[in-house]
Amino acid sequence: MGGPAYDCLTNPLGAVRFSFGNALSSGYDPASSHGKDWGVVDLFRHYFSDESAISQVPILDSSSIKWVQPNTLVRFRGMIQDMLGNEFYAGAYKDGSTWRTNKYSDVSQFPDGPSSETQVWERRLLYCVPVPGRNQWTECSSIELKNRFLDLTGQNREKRARVDEEMTDSMDSNTLEAGLNGSPFKKMKAGEGTSSASESQVPRTDNAPQSSALPPATSTDSLPCLVKIYDSPESDLKLNDVVEFLGVLTFDPNTMMDMDSPGDNTDDFSEAESVQRPSGKVPRLHCLIHRKLETQHFLHGSSLSTELKSPQMFKEIRESLMKHLTGLLGNDHIAAELLLLHLLSKVHGRVDNVAVGKLSLNLTHLNKESMSIFGTQLRDALKSLLPFTQSIPLTIEYLNTASLGPKKDYGTNRLVPGVLQIADGTHLILDETELQPGTLNSVGVENANLLKNLLECQKVEYDFQYYKMEMATDAQMLIFSEGKSNIMPADMVLPFQPSQVNPLQVIAPETAQAWRCYLATCKSLSHSIGQELQQVLENDLVAARQTDRSLGSQDLSRLLTMARMMSVSYGETTLSLEHWQMVLELERLRKERLK
Amino acid sequence: MASDSPPANTNDGPSSPGENASSPIGNTYSSPSSLRSRRRARSSTPSQFATPPPPSRLGVPNSTPPTSRPSAARSNRPATPSHTDEPPPSSDDGGEDGADDATPTFVWGTNISVQDVKSAIEMFVKHFREAKESSDDLFREGKYMASIRKVIEIEGEWIDVDAYDVFDYDPDLYNKMVRYPLEVLAIFDIVLMDIVSSIDRLFEKHVQVRIFNLRSSTSMRNLNPSDIEKMISLKGMIIRSSSIIPEIREAVFRCLVCGYFSDPIIVDRGKISEPPTCLKQECLAKNSMTLVHNRCRFADKQIVRLQETPDEIPEGGTPHTVSLLLHDKLVDNGKPGDRIEVTGIYRAMTVRVGPAHRTVKSTYIDCLHIKKASKTRMAAEDPMDVDNSLRRVDEDVELDEEKLKKFEELSKQPDIYEKLARSLAPNIWELDDVKKGLLCQLFGGNALNLASGANFRGDINILLVGDPGTSKSQLLQYIHKLSPRGIYTSGRGSSAVGLTAYVAKDPETGETVLESGALVLSDRGICCIDEFDKMSDSARSMLHEVCYSLLLSIAQIIACSFQADEHCCSAQVMEQQTVSIAKAGIIASLNARTSVLACANPSGSRYNPRLSVIENIHLPPTLLSRFDLIYLILDKPDEQTDRRLAKHIVALHFENAESAQEEALDITTLTSYVSYARKNIHPKLSDEAAEELTRGYVELRKAGKFAGSSKKVITATPRQIESLIRLSEALARMRFSEWVEKHDVEEAFRLLRVAMQQSATDHATGTIDMDLINTGVSASERMRRDILVSSIRDITLEKMQIGGSAMRLSELLEELKKHGGNINTEIHLHDVRKAVGTLASEGFLVTEGDRIKRI
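For the record, the sequence lines run as chains A and B.
According to this note's numbering, the residues represented by the first sequence are 1 to 595, in order.
According to this note's numbering, the residues represented by the second sequence are 1 to 855, in order.
In short, the hints are calculated from the structure, not lab data.
Mixed in with the good hints there might be a few duds.
The calculated PhoX-like cross-link candidates involving lysine-lysine, where the alpha carbons are at most 25 Å apart (straight line), are [unchecked claim]:
no., chain 1, residue 1, chain 2, residue 2
1, B, Lys403, B, Lys371
2, B, Lys505, A, Lys468
3, A, Lys452, B, Lys505
4, B, Lys505, A, Lys595
5, A, Lys452, A, Lys591
6, B, Lys481, A, Lys346
Output of the computed footprint for chain A on chain B, the stretches with three or more beta carbons under 8 Å from beta carbons of chain A [what the hints assert, rightly or not]:
no., stretch
7, 218–228
8, 237–247
9, 308–315
10, 336–348
11, 678–688
Even for Gly, the Cβ is constructed at its ideal location relative to N, Cα and C.
Based on the sequences and whatever the hints tell you, model everything.
Set out below in structure tokens:
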């Protein structure tokens, strides 16, 4: 197939119908298929097999929603925040003697009366939000795409009128947007009962720096999206996954507005139904293909990852990044070294309650003053280096009022996001320097436990009221504190010893890009260890334990994690003796400082 | 059942004898039906939601004579779920009344003959007997006839029918019922009505059938479009229920012009057709009819949302929900939080998305039957009864058959005890006996309340004492993870009461500590206290106070429910399981039925084997003696262990981590196994076991009277007996055995001995000395130490000069042995060393390696 019978980009549904027709003629039977894919996915996958084709598809966000047209192809990049279960729809129906399909659309193409024969199929509903804590640089600028897109549609003279209509529509949606940004969340808050928790948070974060943790979806430019998934195994997409969905946009403000069906007695039911569906103002995306996003995908336009092949490259970038980090940390070389290892950590295995690969860092000897200098600088630096960062001020008030853990609101039948509902790989800064002695109430105790549990086991408890569910979460946690934090017991504790305050460096965009790419690449490297070195490691660990009996398994485990990070920071996939010794040396220096 | 309806035989007599022969007939009826032609076309997909089948089944007109003959009743059938029929079924109903036996009617789109189904149901209702009813009951009426009578007696409205019974009697009927529930149930209702009216002609209510206990239940997640219109059963938890909605069933209209009241108009396909004109011939005014609310008939309706139970949620998913529609008596049958098993018909209705587009279906379950998951809460006094506490995520999940079977199988395995022990904290090696002890704690013993008011706890308390870095805390945390009701707290600081905690900051270092003093623990959990010895550090100045405040703080931690108990117990939390706290003039007795798992570090940085447990951890003996098992976990600098640890950690990081775990139960299985056992297994002592217990105890006591000892050493106290019983009960529980066997007791003795040997062994005599626990120093040890020291002093004085030549310890030992006399047991070199140490600390002599010098 292929051919110009349809345009995948502007008329994806045409493509769907076309291939449906093809499939029918080659023996596809809608009556027994249960709506299984008839080749649409392959068609689109083929069409979008390379990155450049994908980049043609506009990304749906709060700015592009104003100009993208319904029933065209869009991309949505976000985190799966909630799963709304399955939806049954009339997938195929007989129009006369020919089958028609409603797959990938909300409405039927031929809105005639009930057809004599319909097939009910199912699809999954995912409620997605932009990734919480996502940083500026991860966003694609869609301005050029917009122009291109408008050009594209402009070529079709006949569509002119539609574009105009779209313009007015977009104005509509502008006004709608105020409601849109918060709408589902406002609703939740209202039903929350203890709404003070999330609301009182807003003024409080005022004295904290701008980037302070806000509930993920209340930031101004967040656009949620209801994604409808077809033909994808359930295990494929999990809660909190960061995914790019490519599919047909249906965004019709009129949809769902007309809720009064005939007959009074259906009302209460549809009411019950509608609460669980997000408001009609949330755009719908009928997903054709999707892929999980890695940091690399956000590094648009750069093909650096291929250049990062040689060890020399790794070394160079590592050096420049280390220089940058050391500068930021007032020439504290050890701190910079540990910070780099920390930034490369990720959970790569779980055995029981042990999350292997986590490496949280606690920088001590920081107070309010030094925080305002180093903390802020570091925070900004991390924001420019990592895709998702958040910072949480650990104050009594915050802990007592914030809603960190996600909660299920059965009033709306939705999962109310908490600050700790985050995508894997999110970096969290916990600032304990502001913490004063005081009493934690039950919320505070719960929040402290959540944070501690996240730190120790990399798990967050989601509150489903009648029971709790632990979700594995992979977060890098950096703690600033005055003394060693016993509330947040980190893997590595290091007294921070800056020797000078360096002026803020200006980073060239290319350099920043290279660093991001470096961090992302290193993080994704696989890692192993040779047989001989394994023996060396074992011997060293035994020796370490023989000399210092206070070393527990956690300490030994940490050493190995550090070794792994050290190794990947040089772009190597097998541990070398040199790197192992570097780690031991680093650990020795750290221990020395602790004395 | 027979007593319920004694007149049964007279009434039903004739039909009963033929029962045995008739059961196969039910089957044969349906088979020839496939040959017959299909006559009636019925759509079985209702597109309207408003009137689902159960209410419309009710909608069989009242005007039907109660004595409805089968044929008459069947003619009512179209008024049943067929309200959405495309071609009105009544149209070809015409000749049917007369020809009811000759030409069969079929369920639309199938070859299921209505007559066949009907007679099969009749057979079933009239003749089904439970298998356990013996053959001499042949003349008694069947199970369901009895319940029909009962319903008539109490003027009930429904009959519960166990789907298993249907299957047992007629699998074919069962299959039809599950596949075409709307039609079959409608027929079922009609059959019931017929039978009811044949028994009591004046019975006016409509009796409905409620099917429950389907053979297979689905999970919410697996519902798919092919289940629509099928009978399904699933489990879940109610998360929300609507208010009760009145739904109109019969409407009465009145003419505004002439005041004529119409006959009740029955809801049809979710709609009431308002008469366009007055029905009175004299009036016939147009658009004059108005609804008279208080003469209409309404039925209750409720919409409930059901969420799947946590164990069905796959990793990385959120729970699914489904709507339930409840009618009439089912309304308010469950409240949010209840776990239910629902049987119903899965249905879909069209949601209006836009003005003209109807593609989305919303689904719901039309409930036929709701069964609440049994929460058999026995007397609240028994700590074991509600012990669902060991479930991690959820407390009352009913174990399904499959799981149960798996557990049964597991429990039958000969090495289940070892296996369970292996599964416990597989990341921590060795400490096998400690793990076994912990396992006993998890399973627990039986609590006993005597009529006299004395009660014996069933909980097992364990104390782990040991060197830092011996994964005590990890063990504690692991147990805590297993036991959600339990709490984990660190002994460091316990000030605030209630759910709060205090953030303290060290003014010098700026270290922050969360003093989570008194977290509330619900009863019957395991209370894990880390750094037990650090508890109420400040109050250590007075031993008494320490003891009291320590108990008090435990009490605060443990206590959860106030009990209006007049008698004021002493603060013996762990023994009496209640505690009284005098606060603000109110003496409250709190329930504290908790197992305590505590761990303590030695007061020195390392455990000093020369000192007793009590000296090592500075805990009051009164408290220490409450622990059933005290384990010493000493970190012997053993390269072998270290190597294993190193190997394991390296493997954890660089190899497939899973391989590290050999054949062990995963944590969820373990928890549910434990909770099932705690809930359902209550072992008793067998005679043999009791005998062994007595024998062993006596032996243990005897061990104290070693030859020549001037003072009797207490090797066992009655407290140990209790511990032993608890331990052996727990051991029996692990095997799901209702009887404590001899080997359980033996193992309990072994466990106790191992624990005591570590903590209460008198190093001098090698025997267990409870004085070590009770007073801190063994009786013999005190004596012996004194003798030895004085002997050495004597020898030294005799043989050595101040500043003179040194003497080897071995020589000293020889001398001592020669000296003999007043030392009745064998002396070892290490004893000598110890004694020499004491003398050295007195400044009497100095040691140089293996030699001593007198100063």
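Evaluated hints:
1. B:Lys403 <-> B:Lys371: holds, 20 Å
2. B:Lys505 <-> A:Lys468: violated, 31 Å
3. A:Lys452 <-> B:Lys505: Distance ~17 Å between A:Lys452 and B:Lys505 Cα, so the pair holds.
4. B:Lys505 <-> A:Lys595: holds, 20 Å
5. A:Lys452 <-> A:Lys591: holds, 23 Å
6. B:Lys481 <-> A:Lys346: It holds: about 24 Å lies between the C-alpha atoms, which stays within 25 Å.
7. 218–228: Three-residue rule met by the stretch 218–228 of chain B, so holds; n is 6.
8. 237–247: holds (count 6)
9. 308–315: holds (count 4)
10. 336–348: Our answer is that it holds, as 3 residues pass the Cβ test (under 8 Å) against chain A, meeting three.
11. 678–688: This one is violated; 0 residues, fewer than the three required, reach chain A with a Cβ under 8 Å.
Going down the numbered hints, you'll see the structure goes against 2, 11, while the others check out.
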